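Protein chains: 2
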Amino acid sequence: MSTNAEIILASRPTGAPVAANFEHRAIEMPTIGDGQVHLRLIYLSLDPYLRGRMNAGKSYVPPFEVGAAMGSGCVAEVMESRNDGFAAGDLVMGGIDWVERQAHSGEGLMKLDGRTKPSYALGVLGMPGMTAWAGLNIHGKPKEGETLVVSAASGAVGSLVTQLGKSYGLRVVGVAGGAEKCGYVVDELGADACVDHRDLDLNAKLAAACPNGADIYFENVGGVTLDAVVPLMNPFSRMPVCGMIANYNDTGAAEGQDRLPFMMRSILTKRIAVRGFIVRDHWEKFPDFLAEVGPKVISGEIKVKETMTQGLENTPAAFISLLEGGNFGKQVVQVGADPTA
Amino acid sequence: MSTNAEIILASRPTGAPVAANFEHRAIEMPTIGDGQVHLRLIYLSLDPYLRGRMNAGKSYVPPFEVGAAMGSGCVAEVMESRNDGFAAGDLVMGGIDWVERQAHSGEGLMKLDGRTKPSYALGVLGMPGMTAWAGLNIHGKPKEGETLVVSAASGAVGSLVTQLGKSYGLRVVGVAGGAEKCGYVVDELGADACVDHRDLDLNAKLAAACPNGADIYFENVGGVTLDAVVPLMNPFSRMPVCGMIANYNDTGAAEGQDRLPFMMRSILTKRIAVRGFIVRDHWEKFPDFLAEVGPKVISGEIKVKETMTQGLENTPAAFISLLEGGNFGKQVVQVGADPTA
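In order, the protein sequences belong to chains A and B. Residue numbers 41 to 381, in the working numbering, belong to the letters of the first sequence in order. Residue numbers 41 to 381, in the working numbering, belong to the letters of the second sequence in order.
Errors might be hidden in some of the hints.
Partial selection, computed: residues in chain B whose CB lies under 7 Å from chain A [unchecked claim]:
1. Val106
2. Gly107
3. Ile307
Under the rule of at most 30 Å between Cα atoms (straight-line distance), these lysine-lysine pairs were calculated in the BS3-like manner [stated by the list, open to error]:
4. A:Lys325 with B:Lys183
5. A:Lys98 with B:Lys245
6. A:Lys181 with A:Lys345
7. A:Lys181 with B:Lys181
8. B:Lys325 with A:Lys181
9. B:Lys206 with B:Lys98
10. B:Lys98 with B:Lys336
Calculated from the structure, these hints are not laboratory results. Predicted, not measured: the structure shown is a model, and the values here were computed from it. A virtual CB, placed ideally from N, CA and C, is assigned to each residue, including glycine.
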């Protein structure tokens, strides 16, 4: 009578994922055992790092298994609880499978306090927000008056990096895809300038926007933006690296010019500190992040933009689009009704 | 009657320097003015970074001018002094032109204290030694039991990195060119293993020598060694970068595989800290370096190897050879008699 559904990994992609790599299928309703909760999925988060989990082989997160449900950070409602930590009606967030109705142990779930929109727990007040805050503060080491270049500046991470950078007294130069996003980055997020990475004149325009060079490059895209920024990096500059979306679909080493020697020579002569990081490395500072950013989101000082896709079945298309830059702000899929809306 | 001679930059090299880029020519004897000293060159240091100074354009050191004397770190004797800081007979070291007899302002010259061979002030107790000490300690952040991979392990910098690494309780794996150098790195310098970078099986052999991966890669060569090490880097590993000798003669971006995406992905997923540095960034710690390394050189605990070329006129050939790895240990040219020998 009741229907349930999930998204599974049907096959591993070669290069860019296609619709056939996913399957949306009907399944049985769950029953819960002692200690479990019955969850109803409301929002699921789509993030570029999920592309890596579609590959076999270990990375910093385990791969999805072919034939099994995929998952990510999600917001869900507890419909029934046999776990003392949760009660029916609780809204929770955590790592949850892309299954409309599921049994869950409760492990790793956090209750939402209701002070902001629930979906913000997947974006500006969740993993992407913490990525922005930790990367900029811990690895970017910003000093007032410096110049910060932010790639994917209208995205879930970049939009907070941009706004935090301005709040710290930096000159902030965004890089984003297209005039609409660039306009948003300057007009709404407050960046001093924003350059379109599709512009054939990217290098010259970025250089013009950075008259004093770049002291911090917040790297989460790779590709042409990296090439344009490296020549602008100042001595003793910092490059936190939290994503390489431009290369996530690569199937092997690219032919063409070898860009590594120039990069290494730049690192050497300019004494650049390049540092990869992953948000969970700094998870112990999540309360510090929330204490700084939470009130600014509630007050509206920090602007938030979401691309909200409706329906679990549209998750694959939304994810494919995300990897191509089709989102504008944080990409979320609404799977079920939000009781707070 | 008296003859004098110098080495000038005759023309800028394209790619690898050739003999015609240098000129050894006779010049007049100098006369000194108030505040100056008359120097007699004894030893001159040849270092890979000098290749960069043969190019036009700013780098972290100013370029040599075509038609003017080249220079480097040198040891010289004060023959006559009109400077209160120096007296005839003093042995000094500092940045000095490649001119047998020259007038010098005295600026930047340090008197040698005579406790070790004068030429060591150009190697293990000078700039290369300080590079090794600062890179390993400040950027490598070694912890006992970790694995350190050292490129150019028999060279001026690498040989001290290797020996310091062992003294700090690290597993040290050297990379060097040829069986003789590799034997020296293990038998004399005490490395746990050494792999020949010319070995076609470099990747597998280096992996076998690093059963627990690599926590620090002391990078001063680039090229195939870097490619072999990156896959072995552990999470939260460190890569101090103080040289890219494999690429110093590059004339432009190399064709072929683009190695940058793999490097950036590795930096991200393994959270590698890649940090360029130049010895003068840390010059305020030179006394700390000397306090640790000086006594160990005097006692013989730290081994020192030099390749000593005789005659100013042979400097170009020795430099060309250095860039091809023809030296074994620190490359020095003896220009004149050493009064302490």
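Notebook entry, point to check: Given the hint that lysine 325 of chain B pairs with lysine 181 of chain A, does the C-alpha gap stay at or below 30 Å?
Noted result: holds (23 Å)
Check: Does the CB of valine 106 of chain B sit less than 7 Å away from some CB of chain A?
Finding: At about 21 Å, which exceeds the 7 Å cut-off, the nearest Cβ of chain A leaves the hint on valine 106 of chain B violated.
Check: Given the hint that lysine 181 of chain A pairs with lysine 181 of chain B, does the C-alpha gap stay at or below 30 Å?
Finding: Distance of about 19 Å is within 30 Å: holds.
Check: Are the Cα atoms of lysine 98 of chain B and lysine 336 of chain B separated by 30 Å or less?
Finding: Roughly 37 Å between the alpha carbons, so the hint for lysine 98 of chain B and lysine 336 of chain B is violated.
Check: Under the criterion that the straight-line Cα-Cα distance not exceed 30 Å, is the pair lysine 206 of chain B, lysine 98 of chain B satisfied?
Finding: violated (37 Å)
Check: Going straight from one Cα to the other, do lysine 325 of chain A and lysine 183 of chain B come out at no more than 30 Å?
Finding: holds (25 Å)
Note to self: Less than 7 Å between beta-carbons is the criterion; does isoleucine 307 of chain B satisfy it with respect to chain A?
What the structure shows: For isoleucine 307 of chain B, the interface hint holds, since the closest Cβ of chain A sits about 4 Å away, which is under 7 Å.
Checklist line | glycine 107 of chain B as chain A interface residue, shortest Cβ-Cβ below 7 Å | finding: With Cβ-Cβ at 25 Å, over 7 Å, it is violated.
Item checked: Agreement of lysine 98 of chain A and lysine 245 of chain B with the hint, judged by alpha carbon distance not exceeding 30 Å -> With Cα atoms ~23 Å apart, lysine 98 of chain A and lysine 245 of chain B stay inside 30 Å; holds.
Item checked: Pair hint outcome, lysine 181 of chain A versus lysine 345 of chain A [Cα-Cα no greater than 30 Å] -> At roughly 26 Å apart (the allowed maximum being 30 Å), lysine 345 of chain A and lysine 181 of chain A satisfy the hint.
The structure shown violates the earlier hints numbered 1, 2, 9 and 10.
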